[in-house]
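Full structure from sequences and hints, please.
Just remember that the numbering used here sits 2 ahead of the position in the sequence shown, which is counted from 1.
Be aware that one or more of the hints could be misleading.
What the hints assert, rightly or not - DSBU-like, lysine-lysine: derived pairs with alpha carbons at most 30 angstroms apart: (1) LYS119 <-> LYS189; (2) LYS189 <-> LYS68; (3) LYS84 <-> LYS68; (4) LYS119 <-> LYS134.
Read the hints as simulated data drawn from the structure, not as lab findings.
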Amino acid sequence: MIQMFSVSMTYNAEVRVTALSDINLHIRRGEFVFIVGPSGAGKSTLTRLIIREELPTKGQIMIGGKSLLRMRAREIPYVRRKIGFIFQDSRLLMDRTVYENVAFAMEALEMPRNHVKSRVPAVLEMVGLKDKINSYPHQLSGGQQQRVCIARAVVNDPLIIIADEPTGNLDPDTSWEIMSILSAINKRGTTIVTVTHDREMVDRLKRRVIALENGRIVRDEERGGYQSET
Numbered sequence: 003m004i005q006m007f008s009v010s011m012t013y014n015a016e017v018r019v020t021a022l023s024d025i026n027l028h029i030r031r032g033e034f035v036f037i038v039g040p041s042g043a044g045k046s047t048l049t050r051l052i053i054r055e056e057l058p059t060k061g062q063i064m065i066g067g068k069s070l071l072r073m074r075a076r077e078i079p080y081v082r083r084k085i086g087f088i089f090q091d092s093r094l095l096m097d098r099t100v101y102e103n104v105a106f107a108m109e110a111l112e113m114p115r116n117h118v119k120s121r122v123p124a125v126l127e128m129v130g131l132k133d134k135i136n137s138y139p140h141q142l143s144g145g146q147q148q149r150v151c152i153a154r155a156v157v158n159d160p161l162i163i164i165a166d167e168p169t170g171n172l173d174p175d176t177s178w179e180i181m182s183i184l185s186a187i188n189k190r191g192t193t194i195v196t197v198t199h200d201r202e203m204v205d206r207l208k209r210r211v212i213a214l215e216n217g218r219i220v221r222d223e224e225r226g227g228y229q230s231e232t
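Written out as structure tokens, the structure is:
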């Protein structure tokens, strides 16, 4: 599903900064993967490369068997349609209702209106927000806002969801609710890649853990924890 071959990323400024160095990675379809590591380890750069927001300095990246580097400009939007992104700060449109925020993701892709009207309520029910469909973001709790963000990410039925610190601003109970929703989505076949500093959550769920440090993969464990047990 997601493959990286000898990927390196160097930012050219007054002082050259290497964000990623010689990354080799294969995330299979339907996996649930945690990306962990200290600040500055290269986690955000990794996710930006996956959604082709940036291109690597060296190496090759494949999504679903297609090269992101060789892709023509007109093909990029079609690849991004297959990827849902969940932000830590939700980035909701504050002047639009819950329904309108989620529908916006479909309308941006010019989906048929009747499909939008049927799909959005179904997804909001899935994340437990059917009764908040006409509410505005300021009327919601932090956890509810993050559920809207999840609904927006999955409404177009993506193959991959990238979650960037989805529980970073939430209390432990709400964090578990959010991760339970992501786990349920994963069970339906969606590949989940979650960047997180939530040690307790990673240790509790025991999924695949890829640890970055100084731009390199230092650990890749099936059913791993936040820190290596060795």
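Okay, the hints, checked on the actual structure:
1. LYS119 <-> LYS189: Holds: LYS119 and LYS189 sit about 25 angstroms apart, inside 30 angstroms.
2. LYS189 <-> LYS68: 24 angstroms, holds
3. LYS84 <-> LYS68: 12 angstroms, holds
4. LYS119 <-> LYS134: 15 angstroms, holds
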